[in-house]
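Please construct the entire structure, taking both the sequences and the accompanying hints into account.
Be aware that the sequence shown starts at 1247, since it is given in this note's numbering, and climbs by one per residue.
Bear in mind the hints are in silico, worked out from the structure with no lab data behind them.
By construction, the Cβ of each residue, glycine as well, lies at the ideal position given by its N, Cα and C atoms.
It is possible that part of the hints are untrue.
Once the Cα atoms are required to be at most 16 Å apart in a straight line, the calculated EDC-like pairs of lysine to aspartate or glutamate come out as [said to hold, decoys possible]: (1) 1572 to 1535; (2) 1443 to 1396; (3) 1443 to 1400.
Distance ranges between label pairs, derived from CB positions [stated by the list, open to error]: (4) 1398 to 1497: 33 to 39 Å; (5) 1289 to 1254: 17 to 23 Å; (6) 1514 to 1262: 40 to 46 Å; (7) 1398 to 1423: 30 to 36 Å; (8) 1281 to 1328: 14 to 20 Å; (9) 1470 to 1313: 34 to 40 Å; (10) 1446 to 1373: 42 to 48 Å; (11) 1353 to 1266: 35 to 41 Å; (12) 1424 to 1576: 46 to 52 Å; (13) 1281 to 1334: 18 to 24 Å; (14) 1562 to 1288: 42 to 48 Å; (15) 1331 to 1451: 44 to 50 Å; (16) 1254 to 1505: 37 to 43 Å; (17) 1252 to 1556: 45 to 51 Å.
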Amino acid sequence: MTVRDDEAVLAARYETLMHRAEAAGDVSGLETLQADAERELGPTHRIVFLVECGIEDIRSQTRPVLHSVQVWNRLSERAAAVLSPDDPTLMTIEGFKARHGRRRGRPEDLDAGVEAYRRNWLRRREGLGEDHYRTRTMHANLAVALRERDGEGDLDEALGILREEIAHRTERYGELHPFTWIARLVMAQTLVRAAEKAVRPDERHRYAWEAARVAELLIGRRRFRFGVADLSTLRAHLVHAHALLMLGRADEAIPEIRHVRARAMLTRVPLEPGWPEWLLARAHTAAGEVAEALRWAERSHLQRAAYFPRGGRKGAETRRLLAELKEAAPDSTS
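Pasting the structure below:
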């Protein structure tokens, strides 16, 4: 076999093993592939870096964010030293570096995330073309960064980007393509954030209703295509449940969130730590069940505190909810 043949075989193995690792959170197959790739192609080959990128992506879903930031910074430096600036693997690594830096959640991290994604998107647009799927992926990632920063005008810009992405992907790939579904799920999450910020009840209802509709459609399609335990399917369920909360339907949201949490624990699907528990705390609060809400808020706080840095937005969000619930809870000593 030629070197090109070896590359093709290893790249195909990577795609298969990455899908399995994402489903189960197990990187052992990827670690074996990394050793094989190093032996056959050498330690500085782009395929070796690609496999390492996949391994660190899976690990980063459960280990503390600050640890992941250090890992991605080092990986980015090593890759940049040997790969060309327009290498797709280096672009992928830099995208993950920006993502995990943003997850620290401080205002300066959120600003840096938007700047990094915008810079990477413009570079991909210039080097790969506006319609290349890598360019389109980074464009949607920019919308995520804008949503998370949530400054003045950010949500409107994010929604505009996502509507453009959905229109483009639907026209080029079709409504039933997973690449289109990814943009729709990001749209649903962004609509939920818009509903959270809306001042007028009619505006809140409009955003939440659209988010629920989009998420429900995605759930049906993803369950049919990828199964009930697929990571993005479970994420769509949580976004749908959050939208139901914004519509005042906590009684429907609670069993859906519990289902997702149980399914993720059973199949070891790596959901964001503390996310289902935080939603359950919100849902039980809306249902007037303060003691139950407090129990879930405490669980969410423990998980998020172990994953997100203390000075970040996610931790502050949970601590604020926990403090409100403790103040509202009946005094157990009285």
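Here is how each hint holds up against the structure:
1. This hinted pair checks out: residue 1572 and residue 1535 have alpha carbons roughly 12 Å apart, not beyond 16 Å.
2. Between the alpha carbons of residue 1443 and residue 1396 the distance comes to roughly 10 Å, so the proposed pair stays at or under 16 Å and holds.
3. A distance of roughly 12 Å separates the Cα atoms of residue 1443 and residue 1400; the hinted pair therefore holds under the 16 Å criterion.
4. Residue 1398 and residue 1497 have their C-beta atoms about 35 Å apart, which keeps the hinted 33 to 39 Å range intact.
5. At about 20 Å, the beta-carbon gap between residue 1289 and residue 1254 stays in the expected band of 17 to 23 Å.
6. For residue 1514 and residue 1262, the Cβ-Cβ distance of about 19 Å falls outside the hinted range of 40 to 46 Å, so the restraint is violated.
7. Hint check: residue 1398 to residue 1423, Cβ distance near 34 Å, so the stated range 30 to 36 Å holds.
8. Between residue 1281 and residue 1328 the Cβ separation comes to about 19 Å, which falls inside the hinted range of 14 to 20 Å.
9. Distance hint for residue 1470 and residue 1313: a CB-CB separation of about 37 Å, consistent with the stated range 34 to 40 Å.
10. Between residue 1446 and residue 1373 the beta carbons are some 43 Å apart, a value that agrees with the proposed interval 42 to 48 Å.
11. A hinted range of 35 to 41 Å holds for the C-beta pair residue 1353 and residue 1266, which are about 38 Å apart.
12. Take residue 1424 and residue 1576: their Cβ atoms lie about 48 Å apart, and the range 46 to 52 Å holds.
13. Residue 1281 and residue 1334 have their C-beta atoms about 22 Å apart, which keeps the hinted 18 to 24 Å range intact.
14. Separated by about 45 Å at the C-beta atoms, residue 1562 and residue 1288 satisfy the suggested range of 42 to 48 Å.
15. The hint said 44 to 50 Å for the Cβ distance between residue 1331 and residue 1451, and at roughly 47 Å that hint holds.
16. The beta-carbon spacing between residue 1254 and residue 1505, approximately 40 Å, falls within the hinted interval of 37 to 43 Å.
17. Between residue 1252 and residue 1556 the C-beta distance comes to about 46 Å, which sits within the given range of 45 to 51 Å.
The structure fails to meet hint 6 from the earlier list, while all remaining hints are met.
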